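These protein sequence lines map, in sequence, to chains A and B. Here the first sequence is numbered in the working numbering, starting from 1 and rising by one per residue. Here the second sequence is numbered in the working numbering, starting from 1 and rising by one per residue.
No lab work stands behind these hints: they were computed from the structure. Just so you know, not all the hints are guaranteed correct.
[Said to hold, decoys possible] Partial list, derived from the structure: chain B residues whose beta carbon lies under 7 angstroms from chain A:
id	residue
1	S183
2	P186
3	V190
4	R197
[Claimed, not checked] Per label pair, the in silico range of CB-to-CB distance:
id	chain 1	residue 1	chain 2	residue 2	range
5	A	P252	B	R215	17 to 23 angstroms
6	A	L380	B	A36	56 to 62 angstroms
7	B	D150	A	A258	45 to 51 angstroms
8	A	S402	B	L92	38 to 44 angstroms
9	B	D150	A	D285	30 to 36 angstroms
10	A	P398	B	V130	55 to 61 angstroms
11	A	P252	B	L92	30 to 36 angstroms
12	B	R215	A	V238	37 to 43 angstroms
13	B	L92	A	E400	39 to 45 angstroms
14	B	R200	A	Q232	56 to 62 angstroms
15	B	P56	A	Q441	58 to 64 angstroms
16	B	A69	A	P398	58 to 64 angstroms
17	A	D381	B	R118	45 to 51 angstroms
18	B	A81	A	E261	26 to 32 angstroms
All values reported here derive from a predicted model rather than from experimental measurement. Every residue gets a Cβ at the ideal spot worked out from N, C-alpha and C, and that includes glycine.
What follows is the residue order along each chain.
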Amino acid sequence: MFSMFRPDPRTRATWRWGGALAAILILQSLVLAAIFWVTANGNHRRAIEHTLLDDCSFFALTPPAERAEELRERLARDIHRERFLALFDAHGRRIAGNVATMPVLPAGTGASIVAPVAPTELPGKTSDVARLTLCPLSDGTRLLSGMDLDDTEEALRLTWQSLLFGLLPGLVLALGVGLVAGRRAARQVDTMRLLTERIVSGDLAQRLPVPARPDSFGLLCAHINTMLDRLQMLVADVRGIGDDIAHQLRTPLTRLRAGLERGLREAQDRAGFERVIDRSLAEIDGLLGIVAALLRLRELEDGARRSRFAPVDLTRLVEDACELHRPVAEDRGIHLHCNCVPVPPIDGDASLLIEAVANLIDNAMKFGPPGGTVTVRLLLDAGMPVIAIADQGDGVPPAERSLVTQRFYRVRIEGSGAGLGLALVKAIVDLHGFALGFAPQGSAVTIRCGRTGY
Amino acid sequence: MTQILLLEDDPGTADEIRLELAAAGHGVHHRATLAAAAEAVRAGGIDLLIVDRQLPDGEGLDLIAALRADGFRTPALVLSALGSLDDRVRGLRAGGDDYLPKPFALVELLARVEALLRRPDERRDTRLIVGPLDLDLLEGKASRAGRPLDLLPRELKLLDYLVRRPGRIVTRSMLLQDVWGYSFEPNSNVVDVHIGRLRRKVDGEGELQLIRNVRGQGYVFDVPA
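All chains should be modelled from the sequences, with the hints used to inform the complete structure.
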């Protein structure tokens, strides 16, 4: 039968909550009872012992001849019939009192113990439990003094009963609260489950409800929402990149196809075909360049290349970059000015860093005014090497500075290039944990070669 | 005729490479699996290996490592799909002698194959006399048929590199890697401009052209007959 009963996993929460609360209540009751027991018992015992010792001292002062009479009088005054008093002679035979036989007790210590006694005057009772003490008197007789414990037992039973009866509504309450709390948790989880199902099926715009004053569950929901925001952004990014790539490749591919078609139609001789093929090869190289740059971007963003970092002499690197570009600059009538101070070596990948610097120099030569000066400087700012590259133009318009490092973004539409250069520079700089910056005025682009943490 | 073993599982790529290498006068033996390639190399007579990375029966680098472990010193060029720059390091560590990421131009492949087949004379002669050229590396001077060439240090290094590889195509990335010491693809024609200047200094007016531009891909230093 049990196999047919498939419990809903969510009801488990209910039972767990209820069970835990009930367990706490039961524990609480037990502790309470124990404390009551210990305290009440202790007080009661002290009171009884006081009475018993009083009896002993009273009878010790009473002349031996009057003791039996006194004892009978005392018993007569005990209307609740809760006292046990008896005098025994040296052989343990009863002289007077309401206890038939002398129990075996440690005598003379003043200590009291709980033991059964045989009452003589209680109808229908041959044994009873009492707290007793046995005091030796001066003439060799012994006084047994005791107090019936029936009342105490009754009081304790009442205590237990009231605690038990009190526990019942507590348990019901605990299960009820557990049920409500469990239901509530199950409802929250249900909301989340339904939502995640919709997200899994592709609806990334869904968000979890977060109350104005969130509890820990609300905070979790808020966190999940943040995660969804990021996920949605990344997905949009990926879609955008896919569109961008398709668009970027379509234009040169169309051009390539048109060129080949025209060449096939119009080329007359070998030289004509060669020209067509040369143009096509150049187009294809451009396309491969875009693909390679994209793959490199992805790879740089992975960060795996950090494993190849080694100390890099930035001074030499920047001077090499200048030297590499000087002939091009001279051909274009641009004055390339290079100014390097010695800096301590930094950890990095020299080939990547020179690629970044080369890209920036290239941009400066391309976008600066014709016939102007491009300045490449390596300086120390607060102990941190900074590479700064500036032309005499206005630089990237401030509004576009956050955009230029994105893939395929071009400040000037008519310019050549696929708009991947600065994205590569940014990726290289990020890989090193350096910072790419734009001067507030003018065209200077800086790479601060200090760890900003990654 | 040099015998080259090509281990490549894509038939299209393999055909293109075979045609290119055959046109340059090399014998090409194409194999598509590690096992077949290993057998061919152990049979002997192979001067160079061109090895793709991902093959149906395993990793091309493993073959190179296994052959190196058995004492085969045959130079090996590793091909691989672009995607990880660290591949280059791994390729060279496994015993490959050069590394070419896909996609590559066939001319680049040919240039690297020839570079591997005829390892340049690495004796660091301080004086090189080739044809009309006289390079004194110690003094940092060069002359052509007695006419002193006013070369910058980098230009002298470029000329040195070209002169040590006569008749062979030297690509831009080879120059950038070996003369400047950086491996990256510049997005402008920086290397071309350097070579252009060197050519204007070396090949004076009316003189035989020693440095030839191979359109699209690189340069060749032609030894005068």
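Handout entry: List of violated hint numbers, smallest to largest
Key = Violated hints: none; all satisfied.
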